[in-house]
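Knowing the structure of chain L, use the given hints to seat chain S on it.
Letter by letter, the chains look like this.
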Amino acid sequence: MIVEFTLNGEKVKYDVRPDKRVLDFFRDELGLTGPKEACGEGECGACTIIVDGLNVHSCLMLAAELDGKDVWTIEGLKGPGEKLHPIQEAFVEAGAIQCGFCTPGMVMSTKVLLDNNPSPTREEIKKALEGNLCRCTGYYKIIEAVELAAEKLKGDG
Amino acid sequence: MGFDVFLPESEDELMTLLMRENAKIMAGGTDLLVRIRAGRINPDKIISLSKIQGMNEITDVGDRIRVGCRVTHSMALNSNVLKEHSPIMLMALKEIGSPQIRNRGTIVGNVVNASPAGDSLIPLYLSNAKVVIHGPKGERKLPIEEFIKGPGKTALSMGEFVRAVEFEKSGSWHPLFYKVGQRTAMAIAIASLGLLIKGDNLRIAFGSVAPTVVRAYKAERYFKRSNGIITVMDEFMERCLEYVSPIDDIRASAWYRKEVIKNLLKSAFDFWRKKVL
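Heads up: the sequence lines are chains L and S, in that order.
Under our numbering, the first residue of the first sequence is numbered 138, with each subsequent residue one higher.
Under our numbering, the first residue of the second sequence is numbered 545, with each subsequent residue one higher.
The following block holds chain L by itself, in its conformation from the complex:
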């Protein structure tokens, strides 16, 4: 099945096996290994990507459904010049990454939050990240990273 969609800002066209999950298609065929698989059933959020402005699980979406969509993975996030995206920088600076497995999903959910709400409260941050599990950090540094990212993004604007 031919699908045409926008991937990380570029128009693309692929012949996909329609029953393949987006997660497997991205990782195995496109080499986009940012989205991770942990639970495979929509609990952990490690496979989070952005589709038409919303964060969704790539493990619960079929490749056939990509047609016509605007899709972002963490590979598409970039800052000015060759730098990291401000959200990525904030995660590094706040020490919000330990093993790093949940980080791409956390960053993508943070992106959706800050795109819609540039100055979230702590409660809003917790609510926005409730579908992203981290086994290492205890979440405090992740919440601090989101606050730092919000400041950085406002500084840019």
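None of these hints come from the bench; they were simulated from the model.
Since we're looking at a predicted model, the values are computed, not measured.
Incorrect hints may have been included.
Derived lysine-lysine pairs resembling BS3-like cross-links, with alpha carbons at most 25 angstroms apart [what the hints assert, rightly or not]:
1) L:206 - S:595
2) S:627 - S:818
3) S:627 - S:742
4) S:568 - L:157
5) L:278 - L:291
6) L:150 - S:589
7) L:264 - S:638
Showing chain S alone in chain L's frame:
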């Protein structure tokens, strides 16, 4: 996995595809794909609704609200119609899964999955919802209590699909929704309770403690007979517990579920005495 995927763009195309054997409709896929991967179901054909135009209406239809089959939990949470006329629905939707699940999962998907733990089903039962079914013979409507026959079992026949749900506005009722899970986010309910109170009228429903979501009609009638003044809590509770027949499963024991319901009832009444009386 191994199945064909179809992406109809109109209701006519959808109806034609539904006449094929062993086909399943997928809206958000948040339950269906999990069940396929776990090997619990094995459809040959998946009919995705992702390219259908429309069917995502949230409309005010007099004393009722109509929610189309492609309305996600997130769309419903942002709807002014629902905010104004069904606060109980919003309370329940906020408890569902996570942003990722709410961005894909649909209210009608909850209805068709017919899980006794479906969070959005409690407000639908409390609001006397009717399920709008489209099929080869046209349209029919069934009360949700007749549509959902048991865990995962519905009254849908071959070739039919659920086009929408319609349910009563309840903006003038006092809503309450309690859900107990293993943790706050993402958890599937161990037991849940929803109620609507207006004067001496009460509606009360339980989730995850019977084969389907249940309304405790005897308790509702008892409340009305008592003119909304419950002095003996035990009498009321007894009438509620007649509807509670939980099972032991991976999330909790039957005994624990019953205890949770009793405690939720006590909390509900404490809350109600403070707020309403």
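Residue 206 of chain L and residue 595 of chain S: Cα distance at most 25 angstroms? Holds: residue 206 of chain L and residue 595 of chain S sit about 10 angstroms apart, inside 25 angstroms.
Can you confirm whether the C-alpha distance between residue 627 of chain S and residue 818 of chain S stays at or below 25 angstroms? Holds, because 24 angstroms separates the two Cα atoms, which is no more than 25 angstroms.
Tell me if the straight-line CA distance from residue 627 of chain S to residue 742 of chain S falls inside 25 angstroms. holds, 18 angstroms
Residue 568 of chain S and residue 157 of chain L were given as a pair; does the straight-line alpha-carbon distance stay at or below 25 angstroms? holds, 16 angstroms
Residue 150 of chain L paired with residue 589 of chain S [C-alpha distance capped at 25 angstroms]: holds, 24 angstroms
Are the Cα atoms of residue 278 of chain L and residue 291 of chain L separated by 25 angstroms or less? Given that 25 angstroms is the threshold and the Cα spacing comes to 20 angstroms, the pair holds.
Taken at face value, is the distance from the CA of residue 638 of chain S to the CA of residue 264 of chain L at most 25 angstroms? Answer holds: residue 264 of chain L to residue 638 of chain S is near 10 angstroms, not above 25 angstroms.
When held up to the earlier numbered hints, the structure conflicts with none and fits them all.
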